[in-house]
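Number of protein chains: 2
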Amino acid sequence: MEKYLLNTRSEFETHLKELVEMPTVSAEPERAGDIRRCAEYAARMLGAGGFKSGVFETAGNPIVIGQYIHDERAQTVMIYNHLDVQPADKEKEGWRTDPFTFTKIGDKYFGRGTTDDKGPALAAFLAAHYAVWKKLPINFFIVWELEEESGSTNFHELFGDRYPFLCRPDPDVVIVSDGLWRDREHPAIEYGLRGNLCFSLALQTADHDTHSGCTGGFARNPIVELCALISRMVNAVTGDIKIPGIYRKVCGVNLEELENLSRGFDQEVFKKAWGLHTTRKMTNEEAVVSLKLLPTFEVVNISGGYEGPGFKTIVPHRTEAKISMRLVPDQNPEQVLEAVKKFVARMNPDVEVRALRGTAKPYASDYKNPYFQMLQQIVGEVTGKECALDRSGGSIGAVGTMAEYLKAPIVLFGLSLPEHGYHAPNEYFEWSQAEAGIRIFAEYFEEISKLKSPV
Amino acid sequence: MEKYLLNTRSEFETHLKELVEMPTVSAEPERAGDIRRCAEYAARMLGAGGFKSGVFETAGNPIVIGQYIHDERAQTVMIYNHLDVQPADKEKEGWRTDPFTFTKIGDKYFGRGTTDDKGPALAAFLAAHYAVWKKLPINFFIVWELEEESGSTNFHELFGDRYPFLCRPDPDVVIVSDGLWRDREHPAIEYGLRGNLCFSLALQTADHDTHSGCTGGFARNPIVELCALISRMVNAVTGDIKIPGIYRKVCGVNLEELENLSRGFDQEVFKKAWGLHTTRKMTNEEAVVSLKLLPTFEVVNISGGYEGPGFKTIVPHRTEAKISMRLVPDQNPEQVLEAVKKFVARMNPDVEVRALRGTAKPYASDYKNPYFQMLQQIVGEVTGKECALDRSGGSIGAVGTMAEYLKAPIVLFGLSLPEHGYHAPNEYFEWSQAEAGIRIFAEYFEEISKLKSPV
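Protein sequences appear in the order of chains R and A. Using our numbering, read the first sequence as starting at 548 and increasing by one per residue. Using our numbering, read the second sequence as starting at 548 and increasing by one per residue.
Next up, chain R with everything else stripped away, as it sits in the complex (with noise of 0.2 Å):
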């Protein structure tokens, strides 16, 4: 292992420099020829580490997948990463780097898609390459979505009846690298995930701005009807979806659990890790509750009026307010957007509620099954750090998909730390982490080469 690692950073720093300076951004529709270049390079990269790679065309972004066979009789690892990446504005966020530029300051690489999750996605990759030199007799099914920071919409298409790998349908163990620990002291394995649901608030209620001075009092304010909507949609204060019948079918949690997910939780390590200054007042225990075990409303912008410098005296005509709400099981997003829709029409019927990509079903597995019990005994291991076995607050949308196609359970295991600023600027990754990921991954492989096939 020693040996191979001593090879395999400047490996892993040649294709991260390789992937970070396309920019993958699904969001923007101009990238679409830079996701494709990615895809090419990273299939050339799996075939050249041993595997059977190949770009599997979807509706939407291509998805880039790799297998090795050693004996179907032996175990079938999934992994799963993805390579598109958020926006980034260098100027508008302040960024210090460009963030389509691989920078390597010490040990760190700075760039937009470093941490989040090109970099973990190469650990993952690179440790499976080891168990393939060490032909160890485990399969690997290796998927590469480019499409998950738009919502994962077309990632449904690879487990239809065009299905690509290989020897039985479904692996024994999903594992998935894409997100965070605790912090560096606190590895932590997810088993859970919130959902999400984007859809957006628009009102019109005039051609164009008019002059305040000559319509307004008359003329309605679009903007300000939406403040009015969202401060009767959320509790600004607490957070609390003041939408009726949203909290229905929120699952409740045991003790046990949550006891596990609030132990070494501390508001102040976390405030500082995120730069919040400060946060909804709340105990450890329901702020752990509020961040992975309950839905969120978050307004995550509202464009319309006078957007220019300085000042125009205008009331505005047309105004939207894109919205982002994080979902926990049991909550389905039809389901919610729904009572929105409802809610929407009877308070504000000339508002236009329109789903926006990016919905992911919520999602969690038992933590109790041997497949989370090993890694987190690894993890223990080669970081000499207690790992706790977590839920997240965030979504993947490829994991909902995932979890209705396939039986296996979904392990989700990420190597990025909150202060790498995940979907911010200045995002990096470390090499220290890419190198634990690597280490703990080859020898969890090695682990699960030793089971018995259920078949």
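Please keep in mind that the hints were generated in silico from the structure rather than gathered at the bench. Please note that a few of the clues may not be correct.
Copies of the same chain are indistinguishable here, so a pair counts whether it falls within one copy or spans any two.
What the hints assert, rightly or not - Calculated pairs, DSS-like style, for lysine-lysine (alpha carbon to alpha carbon, straight line, at most 30 Å):
{"no.": "1", "residue 1": "K828", "residue 2": "K789"}
{"no.": "2", "residue 1": "K681", "residue 2": "K818"}
{"no.": "3", "residue 1": "K888", "residue 2": "K639"}
{"no.": "4", "residue 1": "K789", "residue 2": "K889"}
{"no.": "5", "residue 1": "K789", "residue 2": "K888"}
{"no.": "6", "residue 1": "K954", "residue 2": "K915"}
{"no.": "7", "residue 1": "K888", "residue 2": "K818"}
{"no.": "8", "residue 1": "K818", "residue 2": "K655"}
On the provided structure of chain R, position chain A as indicated by the hints.
Then chain A, alone, in the frame of chain R:
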């Protein structure tokens, strides 16, 4: 007059083209050069018209001044217009022609500033030029501001130690041609204006936007908090302002005045003229009161969060709302700002209230003054249409300043129509309104010249 008007149209169009094609957007600092160029061009134009002219420097944008003294004992008319314009963005706002290219289509002149206020400025100037050409016993002070759309912050400097006009410091009457007729068939002279208070509400809760899957539920959402705050400041349905004390100093009106102001007001005509699809539910009288006699609270824009294309699942870290409040006599902008600050400090002490450029005092004069009555009669004769004595819902910062320094009544007679698109895309002016304006002002000046000077 007819002979004079024959040549005047081409002169009007030539000058309007030159003025419109200098993008004198006072809200945009990068336009300083265009503003300077425009001031110099306008001063040369006044000079060529027989006026002693110059550029008066202030701490902000310069003011163009022109003076014609026939006889110190004659009546002195001060004419105020402004040559700066609102911002314009062809793509974003949907202009059919370039806003800073003068486009003549039939008798219509398209371009930013054609109707607000470059066209009316030229019409009033050409009428004064006619009086000079006819050697009428009348004096003129011409004042063309270049900072009106940014709140006339420095306009008061004109009336300080460096007061540039010879002759008695006080004109006998001030004419401000920067406003609208009710509609094409209903000219109106205005004897009152609403004031304006512009401020921002800003809330920052973190260093940067954070991943809503990681922080959502515990992190504060500044957009949601501003929505809640705004919905406590104003009733979205009625427009009533909910900040305590705001209506305390709102001056009442008598029934005669209310009847005058409401006469001929038709909601459907108004909506069509302004492109409003729907309005607040009001009777005609309530609408008039809301448009002219009551303060307003307009949110002009809310910025912050993810403003790019597509979607980004973040919790925003900073939000700013820009607000314009129209004020009425006897409200005082400073006192209203204090009430806003006090309310915000109580509701959400983390929100920062900042006054923005654009403050204007409300103004009202006595509509029974002979200078109003005289003009009302002339407008009726020249246009063959009944001319109303009205109050405007808009604000002209300079008017409050002039009212403070000068004793003369301020007569507001605009030449624009609602369909001209004040502060809106596809702004235009038209020759028939310019021509009527020249005729009306020429006759008005002639009548004024017959009055005995009060000295």
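If the cutoff is 30 Å on CA atoms, where do K789 and K888 land: within, between, both or neither? Let me know, please.
both (13 Å within a copy, 28 Å between copies)
Under a CA distance limit of 30 Å, which applies to K888 and K818: within one copy, between copies, both, or neither?
Classified as between: cross-chain Cα gap 29 Å, same-chain 34 Å, threshold 30 Å.
Is it within, between, both, or neither for K828 and K789, if the alpha carbons may be no more than 30 Å apart?
For K828 and K789, both the intra-copy (18 Å) and inter-copy (27 Å) Cα distances are at most 30 Å.
With identical chains treated as interchangeable, where does the CA-CA distance between K818 and K655 reach 30 Å or less: within a copy, between copies, both, or neither?
within (22 Å within a copy, 60 Å between copies)
Is it within, between, both, or neither for K954 and K915, if the alpha carbons may be no more than 30 Å apart?
within (16 Å within a copy, 86 Å between copies)
Treating 30 Å as the Cα threshold, decide for K789 and K889: within, between, both or neither.
both (13 Å within a copy, 28 Å between copies)
Alpha-carbon proximity context of K888 and K639, limit 30 Å:
Intra 33 Å, inter 29 Å, cutoff 30 Å: inter-copy only.
Please work out whether the CA atoms of K681 and K818 approach to 30 Å or closer within one copy, between two copies, in both situations, or in neither?
neither (43 Å within a copy, 77 Å between copies)
Hint 2 from the earlier list is the only one contradicted by this structure; the remaining hints agree with it.
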